[in-house]
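Undergrad: Taking the hints into account, I'd like the entire structure generated from these sequences.
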Amino acid sequence: MSEHLLDALEAHLDSIELRIARQASHEAIERLQRSYCYFIDKGLWTAASDLFADDATGEWGQSGVYRGKERIRSYLALRGPEGLGQGELNTHITCQAIITVADDNMSAKARWRSDNMHCTDGTGSWSEGTYENIYVNDGGVWKIASMHYYVTLICDYDKGWIAGDIPMDPPSETLPPDAPPTEVYESLPGAYLPAYHYPNPVTGEQPKKPDLPELPESGEDTLADAVAALSTRVERLEDQRACEKLQRSYGFYVDKAMWNDVSDLFVDDSTLEIGGRGVFLGKKRVLEYMGIGLGPTGPQREQVINHQQFQGIVTVAEDGKTARGRWRAFVIGGSSWAPVNWGDCLYENHYKKVDGVWVMDKLHAPFTMYTLYTDGWHKATTPNTRPESFPPPPDLAPTVVYLTYPNYYCEPFHYPNPVTGKEAPPPNPAAGGVANMADFASEES
Amino acid sequence: MRHSTLASTGLLRAALAPIKIAALAAPAFLLAPQAAHAQSAIDQEIDALTTRVEVLEGNRAVKKLQRAFGFYVDRGLWGEAADLFADNGTIEIGLDGVYVGKDRIEEYLRRLHGGQEGLIYGQLNEWVTLQPAISVAADGRSATARWRDNGMLGQYKEHAEWRDGIYENTYVKEDGIWKIQSLHLYVNFLAPFEEGWARLEPGEGLKPSETSKSFPPDRGPSVNYKPFPDVQIPPFQAPNPVTGQPVKGAM
Chain A
1 MSEHLLDALE AHLDSIELRI ARQASHEAIE RLQRSYCYFI DKGLWTAASD LFADDATGEW
61 GQSGVYRGKE RIRSYLALRG PEGLGQGELN THITCQAIIT VADDNMSAKA RWRSDNMHCT
121 DGTGSWSEGT YENIYVNDGG VWKIASMHYY VTLICDYDKG WIAGDIPMDP PSETLPPDAP
181 PTEVYESLPG AYLPAYHYPN PVTGEQPKKP DLPELPESGE DTLADAVAAL STRVERLEDQ
241 RACEKLQRSY GFYVDKAMWN DVSDLFVDDS TLEIGGRGVF LGKKRVLEYM GIGLGPTGPQ
301 REQVINHQQF QGIVTVAEDG KTARGRWRAF VIGGSSWAPV NWGDCLYENH YKKVDGVWVM
361 DKLHAPFTMY TLYTDGWHKA TTPNTRPESF PPPPDLAPTV VYLTYPNYYC EPFHYPNPVT
421 GKEAPPPNPA AGGVANMADF ASEES
Chain B
1 MRHSTLASTG LLRAALAPIK IAALAAPAFL LAPQAAHAQS AIDQEIDALT TRVEVLEGNR
61 AVKKLQRAFG FYVDRGLWGE AADLFADNGT IEIGLDGVYV GKDRIEEYLR RLHGGQEGLI
121 YGQLNEWVTL QPAISVAADG RSATARWRDN GMLGQYKEHA EWRDGIYENT YVKEDGIWKI
181 QSLHLYVNFL APFEEGWARL EPGEGLKPSE TSKSFPPDRG PSVNYKPFPD VQIPPFQAPN
241 PVTGQPVKGA M
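Sequence order for the protein chains is A and B. All the letters of the first sequence, read from the start, carry residue numbers 1 to 445 under the numbering used here. All the letters of the second sequence, read from the start, carry residue numbers 1 to 251 under the numbering used here.
Just so you know, the hints here were simulated from the structure itself, not pulled from any lab data. Take the hints with a grain of salt, since some may be wrong.
To be verified - Below 30 angstroms or equal to it, Euclidean Cα-Cα: the simulated BS3-like pairs (lysine-lysine) are: (1) K207/B - K157/B; (2) K207/B - K352/A; (3) K64/B - K362/A.
Bear in mind the structure is a predicted one, so any value in this text is a computation, not a measurement.
TA: And the structure:
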């Protein structure tokens, strides 16, 4: 083997190893942040504070800043005894991670969201907020260096958001923080936009690629081929993350009515089809769909339109040029001037790589169920939208016509069964059919 | 869990450096064995990195499996959901006990939801599956994961419920394919939408299903459940990711 080839192979392997290490860091940070939430769920304050670096900081809503592990533990313990008391509920559902690992793999930043179910003194509440956190690689162990949780809303269970908004607690008097809040804001009915640690994934600056010596053409050298194959395998993992980032960014941008950033995730020949509204062609029409149909740009007071992007299954094509994703959006919506609702929406989306950047190719979002917060899905359901439901009109008719809950619709799966490798059979023709339909007919006539 | 940084890269360089020096200094007829040595060092490095990629792919496969399970159950595809399990895989949900093997899992899921393929009119069965904390074994052949269950369940014009639960599951890679080895859903509560969880009386939030009586499990419940308003901490299979110590507060 020539000295030159040896150097080239080494350089490539170094680069691949760093990429693998950074992917492993993504997984470690996911585990870290999710563990934090699993611990505070159950009042395991010590286990949770052990996840922080010694000189870490923590800030929750308007708590002010707590410095160091022990102070963070004491702050968390303000919530109640270690292990939670009888009748206490503190479920933290933490999802939609956008993690950015530094080039040198020594630090990282991440945005997350958390939906929380609480019960204190016999009263139930919901809350939701955004994390913008910093993590540090401490000798191979990832730790939380800075946690900043921004509260979007806290509401009484019975009244829901908008009608039942509860303000954030001010800084504690029993355990005053080490520094006042770094940002003063109001949760719902206020509207606040926590700054993003990362630029728009499509229009923003792209990660730099290392400058590596060329390897021999495929088929000329077995080792070079093996290195190239390994590199491709790692690239598919990176592709998957890029598509997840795209989809999760879509959700974060819609939350805050950032219509320009939403449409920037699309390109000129992309399409968008949400509910039964039909197909919108291209980036400009996506912007119109959002801006004309869904209200003014930017977060509005007394409004919440969270489109929480959960449960994603992203499948990247072997050639790395296209990908598919099945997701669900868990929607928390409403305002003082429009209905307050729960929504549940599915996605079967297409992504494509254009000049090395993953973009939205087809966004296809069939609704599963929308209901009014005050009633619940057993009493009230919102029928699917239609092309004429609200302006602007679509460019093309819906690609599929279906009814939403209480009816049954199964959007085909883009992936075969992960174990058997077989396609799911077409839906049972009887599915969604007559149960006690006569009852419904008499009730609604 | 510890994560490799770039330490081994340095090792590769160190291993190759004397070879290169020797290769430069050596007469031509000695080059072949030295080159073979260099090749084998690179081969080994590729193998080591491949194992690490397999662990990453394992994380991915586990996420896909469990999320796919949620999406199948959402639409009443019981056979597809059961096919995600290993042949001797198990499922345990709430107080229903343990069902063993694909056929039993499929039939249990079907009966639990009314007995039909798919859902019936007005049946809502969203098993929202969230927040995976996954630990893949270093050899990339097995894994554990904690997940969050958030159920939006009900029957139109009759009832609607929120479900809150935690999964502690295990996964196995057999012949290159990841499968669910055990699915264990600790249901914290099933609360009616209108009243919410705050009004649940002890024992009200979790009951054995009718299915578990008419179609009994292979084994009874594996633990003693204490649902909300009690506080139960489903034991953590994985250690604390920073201290590496077992998580205290387990039952």
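Undergrad: State for each hint whether it applies.
TA: Verification of the supplied hints:
1. K207/B - K157/B: Holds. K207/B to K157/B sits at ~22 angstroms (cutoff 30 angstroms).
2. K207/B - K352/A: Cα-Cα ~47 angstroms, so violated.
3. K64/B - K362/A: 21 angstroms, holds
In summary, the structure is inconsistent with hint 2 from the numbered list given earlier, while agreeing with all the others.
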